[in-house]
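Go ahead and model the full structure; you've got the sequences and the hints to work with.
Residue numbers (our numbering): 1 to 217.
Treat the hints as calculated values from the structure; they're not laboratory data.
Careful: at least some of the hints might be erroneous.
Beta-carbon label-pair distances, calculated as ranges [claimed, not checked]: (1) 214 <-> 36: 32 to 38 angstroms; (2) 77 <-> 25: 37 to 43 angstroms; (3) 28 <-> 54: 27 to 33 angstroms; (4) 217 <-> 84: 34 to 40 angstroms; (5) 102 <-> 198: 18 to 24 angstroms; (6) 45 <-> 217: 24 to 30 angstroms; (7) 55 <-> 187: 15 to 21 angstroms; (8) 58 <-> 37: 19 to 25 angstroms; (9) 105 <-> 54: 31 to 37 angstroms; (10) 142 <-> 52: 25 to 31 angstroms; (11) 63 <-> 120: 40 to 46 angstroms.
The beta-carbon is built from N, C-alpha and C at its ideal position, and this holds for glycine as well.
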Amino acid sequence: MRNALIAGASGLIGSRLVDLCGQDAGYSQVHVLTRRPLFPGAADGLVEHVVDFERLAEADLGDARIDDVYCALGTTIRTAGSKAAFRRVDHDYVLALGELALRLGARRFLLVSSLGADPEGGSFYLRIKGEVEADLGHLGLPQFFVFRPSLLKGERREFRFGEAFGNAAMGLFSPLVPKKLRPVSDETLARAMLAVAREEAVVFRCFESDEIQRLGG
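See the structure below:
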């Protein structure tokens, strides 16, 4: 039996990962990193750790044994308030989680990134996504898997205009849109990540939207 660790549990993908990992017979425990308590009266097998994300790499999880680390950390520049604050979450916190995964002896690190992530990309958002992918790749994680969905579909707690507009436009022209660009639901992405954690044996692999839909469909 394996144990999972999830960061970003209050978000669209992270919350779905908590649900699906908790239902997966392959996991005996699901550990969740949070800023504040999110799961009062949590069911057996769900272990919540309230941590300081500014010192994430040093987080104390007691004697927890972790096999798979799922990273669904992410924000928007609008929510963060500035480009610097956005980078702090989407790069610095994510990289610190990778360092924590190494310290805990985790086998797999699974990252939610974005279609078009590129450290030399034209947009600040995609550059940060690409930079953190590259920096994590230099840590020496035993297995590192990157998921680059196109637009995400699901019920977010926060409204993202660009995502909502894009999903509406994609819906109108869906038959004409290549699979690599089609929106991916939160459940499909989470299921794809669990499938990869169960079956993939290579050291590194990147999954685009079309593969995510195939794996999580």
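Right, here's what the structure says about each hint:
{"no.": "1", "hint": "214 <-> 36: 32 to 38 angstroms", "result": "holds (37 angstroms)"}
{"no.": "2", "hint": "77 <-> 25: 37 to 43 angstroms", "result": "holds (40 angstroms)"}
{"no.": "3", "hint": "28 <-> 54: 27 to 33 angstroms", "result": "holds (30 angstroms)"}
{"no.": "4", "hint": "217 <-> 84: 34 to 40 angstroms", "result": "holds (38 angstroms)"}
{"no.": "5", "hint": "102 <-> 198: 18 to 24 angstroms", "result": "holds (22 angstroms)"}
{"no.": "6", "hint": "45 <-> 217: 24 to 30 angstroms", "result": "holds (27 angstroms)"}
{"no.": "7", "hint": "55 <-> 187: 15 to 21 angstroms", "result": "violated (32 angstroms)"}
{"no.": "8", "hint": "58 <-> 37: 19 to 25 angstroms", "result": "holds (20 angstroms)"}
{"no.": "9", "hint": "105 <-> 54: 31 to 37 angstroms", "result": "violated (23 angstroms)"}
{"no.": "10", "hint": "142 <-> 52: 25 to 31 angstroms", "result": "holds (26 angstroms)"}
{"no.": "11", "hint": "63 <-> 120: 40 to 46 angstroms", "result": "holds (42 angstroms)"}
The earlier numbered hints that this structure contradicts are 7 and 9.
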